[in-house]
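Protein chains: 2
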Amino acid sequence: VRITVLAGGIGGAKFITGLKLARPDAHITVIGNTADDIWLFGLKICPDLDTLMYTLGGGIATEKGWGRDDESWRIKQELAEYGAEPTWFGLGDLDFATHIYRTSLLTNGLSLTQVTARLCERWQPGVELLPMTDVRVETNVVVDLPGEGVKAIHFQEWWVKHQAKYVAKSITQVGAESATPAPGVIDAIAGADLVLLPPSNPVVSIGAILSVPGIADAIKSTKAPVVGVSPIIGDAPVRGMADACLRAIGVDTTAAAVALHYGSRSNGGLIDAWLMDEVDAASANYLPAAGLKVDVGPLWMTTPATTAEIAKRALRL
Amino acid sequence: VRITVLAGGIGGAKFITGLKLARPDAHITVIGNTADDIWLFGLKICPDLDTLMYTLGGGIATEKGWGRDDESWRIKQELAEYGAEPTWFGLGDLDFATHIYRTSLLTNGLSLTQVTARLCERWQPGVELLPMTDVRVETNVVVDLPGEGVKAIHFQEWWVKHQAKYVAKSITQVGAESATPAPGVIDAIAGADLVLLPPSNPVVSIGAILSVPGIADAIKSTKAPVVGVSPIIGDAPVRGMADACLRAIGVDTTAAAVALHYGSRSNGGLIDAWLMDEVDAASANYLPAAGLKVDVGPLWMTTPATTAEIAKRALRL
Chain U
1 VRITVLAGGI GGAKFITGLK LARPDAHITV IGNTADDIWL FGLKICPDLD TLMYTLGGGI
61 ATEKGWGRDD ESWRIKQELA EYGAEPTWFG LGDLDFATHI YRTSLLTNGL SLTQVTARLC
121 ERWQPGVELL PMTDVRVETN VVVDLPGEGV KAIHFQEWWV KHQAKYVAKS ITQVGAESAT
181 PAPGVIDAIA GADLVLLPPS NPVVSIGAIL SVPGIADAIK STKAPVVGVS PIIGDAPVRG
241 MADACLRAIG VDTTAAAVAL HYGSRSNGGL IDAWLMDEVD AASANYLPAA GLKVDVGPLW
301 MTTPATTAEI AKRALRL
Chain E
1 VRITVLAGGI GGAKFITGLK LARPDAHITV IGNTADDIWL FGLKICPDLD TLMYTLGGGI
61 ATEKGWGRDD ESWRIKQELA EYGAEPTWFG LGDLDFATHI YRTSLLTNGL SLTQVTARLC
121 ERWQPGVELL PMTDVRVETN VVVDLPGEGV KAIHFQEWWV KHQAKYVAKS ITQVGAESAT
181 PAPGVIDAIA GADLVLLPPS NPVVSIGAIL SVPGIADAIK STKAPVVGVS PIIGDAPVRG
241 MADACLRAIG VDTTAAAVAL HYGSRSNGGL IDAWLMDEVD AASANYLPAA GLKVDVGPLW
301 MTTPATTAEI AKRALRL
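Chains as they are written, first to last, in my numbering: chain U, 1 to 317; chain E, 1 to 317.
Among the hints, erroneous ones may be present.
Claimed, not checked - Listed next, the in silico SDA-like pairs over lysine to any residue satisfying Cα-Cα at most 25 Å (straight line): (1) E/Lys-165 <-> E/Glu-177; (2) E/Lys-76 <-> U/Lys-169; (3) U/Lys-76 <-> E/Ser-104; (4) E/Lys-76 <-> U/Arg-118; (5) U/Lys-76 <-> E/Thr-87; (6) E/Lys-76 <-> U/Trp-66; (7) E/Lys-20 <-> E/Pro-298; (8) E/Lys-76 <-> U/Glu-71; (9) U/Lys-76 <-> E/Pro-298; (10) E/Lys-76 <-> U/Glu-81; (11) E/Lys-165 <-> E/Leu-145; (12) E/Lys-76 <-> U/Lys-220; (13) U/Lys-76 <-> E/Gln-77; (14) U/Lys-312 <-> U/Arg-239; (15) U/Lys-64 <-> E/Gln-77; (16) U/Lys-293 <-> U/Leu-317; (17) E/Lys-64 <-> U/Glu-81; (18) U/Lys-169 <-> U/Phe-89; (19) U/Lys-76 <-> E/Asn-108; (20) U/Lys-220 <-> U/Leu-317.
Claimed, not checked - Chain E is nowhere near these chain U residues, computed Cβ spacing over 12 Å in every case: (21) Glu-63; (22) Leu-106; (23) Ala-281.
Just so you know, these hints were derived from the structure itself, not from any lab. Remember, it's a predicted structure, so these values are computed and weren't measured experimentally. We put the CB at the ideal spot given by N, CA and C, even for glycine.
The following block holds chain U by itself, in its conformation from the complex (with noise of 0.2 Å):
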């Protein structure tokens, strides 16, 4: 069985082990959101790939649920030292090492998609990682600044150097309508027997992997199913700050709204089915209505054995 997921990095990443606990035999491949990377020192820096290729490869510093396990921190303090700029994006020295390769490679002529494959010959997801697009793409908030103004700034720089604490007055994919989708990714959506859109970040990444063009029209046509599990629970994000991304685009912070903004497929959305939690039971009756299969049980992935009880529940959806 063939199993294609689109992923933001930490809940993509938590949720996809649970699938592959609740079927490993799958053929999964993970289509990974790049719009968060960043180039910082000449580096660049995949954070969602590399978020999903440690967790799924054993690397990932658990606790955080980003960056490398047993990790040191020695190269942030000399660039500290040296004056180098920004300071507030942590890269831990094992994570570093990684970025120089793929740098590296990079500019060696190789893909991102090539690239990634070597780095998992390593890590041994024990999925097929692919980035969304060999292009850069990156997610830019326009926000109003103290003393700067109104201004696009990195994604990254609005979410971790400013807690995303200013108001996000757009979001957007700065260069994704020339973007095109990576060798395989258009394959593994039409070819797949089931596609799911697992707790990520509604806007930055999934939005962001469905902002290139041709990937949202692969989900919209394949004769797989697709499921999506909602990244809210009660009215507020599984984790991260998704409600301050959704404000951006108009969503209300709930399941049925992010199911709705999804859609279904039956009138031209993305979306079969919506699995959400129990506390959201009440509003699930909205949604067959708009099309949409829907089932309630616990979201919390508190562990990689509930993570697959959820995954179980997705896959029957």
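Following the hints, position chain E against chain U.
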């Protein structure tokens, strides 16, 4: 008093440490060899400039003479885990930070001279450190490699990977013919009160600096006296494998032969005076006839204090 020193790595750095002690009032300009530079993992490594900067700035691994004190090797290990090549060059974690920052500044359009000045803002080496050129020049060595035949390899591959065990058929500074001295280099030589050639490698350090068009001529024509310190004691290099380099250019590994290789400025050569060790006193007799002033004294740079005595002797000459 303005003193300008041409320098390679370890030997030059030690000598300049003594020179600073001997003449704390002097304005010292150091013209560093950059032909040992190498691009590894997409990063620009400047072994000689860094050895000078770390040594004079108090960050050197004193025992080894290169690299950072209190160093760790996690990134090197990680890159090996990824199968990244090469694995034979020793780059520590703290050192990597220097290379990352330097490369990012170069990528942003700064010259190597500007980048070196920026790095020295942190290290405060107490000298003005200039690269010999801002242009890429790399020492190549032609060797007969077992199973590979005669080929040109980067100096570092010959020196570090192969420990100079294959005979150097020739040693060339690739790119030198079209290089120009870095800003300030010619002025530092022309405007000096004294020019010193410390006991650096005459072929791949001093020789590499002299390969940049204009530098040798500036030394020949400066009004300042030019004094050299022998890198050979008792027919063996003070340090490293200078004999393997001298052989490639047909010069005997003796203090007198190196002096004659540089030659007297009165005969179109590069130096006025030559400082050699007591054990080589017998051969000192040759040199006055070749137009060279000679002094003899202990040349082992065992401590900064003894090195300061050597520098004082050179200053008196």
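Consistency of the hints with the structure:
With a C-alpha separation of about 28 Å, the suggested pairing of E/Lys-165 with E/Glu-177 is violated against the 25 Å cut-off. About 43 Å separates the Cα atoms of E/Lys-76 and U/Lys-169, which puts this hinted pair outside 25 Å; it is violated. At most 25 Å may separate the alpha-carbon atoms for a hinted pair to count; U/Lys-76 and E/Ser-104 meet this at roughly 14 Å. Restraint check for E/Lys-76 and U/Arg-118: the C-alpha separation of about 17 Å stays at or below 25 Å, so the hint holds.
Pair hint U/Lys-76 plus E/Thr-87 holds up; C-alpha atoms about 23 Å apart against a cutoff of 25 Å. Our distance criterion of 25 Å between C-alpha atoms is met by E/Lys-76 and U/Trp-66, whose separation comes to about 22 Å. A threshold of 25 Å between alpha carbons decides the hint, and for E/Lys-20 with E/Pro-298 the separation of about 19 Å falls inside it, so the pair holds. A threshold of 25 Å between alpha carbons decides the hint, and for E/Lys-76 with U/Glu-71 the separation of about 14 Å falls inside it, so the pair holds.
Pair hint U/Lys-76 plus E/Pro-298 does not hold up; C-alpha atoms about 44 Å apart against a cutoff of 25 Å. Using a Cα cut-off of 25 Å, the hinted pair E/Lys-76 and U/Glu-81 holds, with the two alpha carbons roughly 21 Å apart. With a CA separation close to 10 Å, the supplied pair E/Lys-165 and E/Leu-145 stays within the 25 Å bound. Straight-line distance between C-alpha atoms of E/Lys-76 and U/Lys-220 comes to about 46 Å, which puts the hinted pair past the 25 Å bound.
The hinted pair formed by U/Lys-76 and E/Gln-77 meets the criterion: a straight-line CA distance of about 18 Å does not exceed 25 Å. Of the pairs offered as hints, the one joining U/Lys-312 and U/Arg-239 holds, with about 21 Å between alpha carbons and a cut-off of 25 Å not exceeded. Using a Cα cut-off of 25 Å, the hinted pair U/Lys-64 and E/Gln-77 holds, with the two alpha carbons roughly 23 Å apart. At most 25 Å may separate the alpha-carbon atoms for a hinted pair to count; U/Lys-293 and U/Leu-317 meet this at roughly 8 Å.
Our distance criterion of 25 Å between C-alpha atoms is met by E/Lys-64 and U/Glu-81, whose separation comes to about 23 Å. Pair hint U/Lys-169 plus U/Phe-89 holds up; C-alpha atoms about 23 Å apart against a cutoff of 25 Å. For the suggested pair U/Lys-76 and E/Asn-108, the alpha carbons sit about 19 Å apart, so the restraint of at most 25 Å is met. A hinted pair counts as satisfied when its Cα atoms are at most 25 Å apart, and U/Lys-220 with U/Leu-317 qualifies at roughly 18 Å.
Residue placement check: U/Glu-63 keeps its beta carbon more than 12 Å from all beta carbons of chain E (closest about 20 Å). The claim that U/Leu-106 lies off the interface is violated: its Cβ sits roughly 8 Å from the closest Cβ of chain E, which falls inside the 12 Å cut-off. With 12 Å as the threshold on Cβ separation, the claim that U/Ala-281 sits away from chain E holds: the shortest Cβ distance comes to roughly 47 Å.
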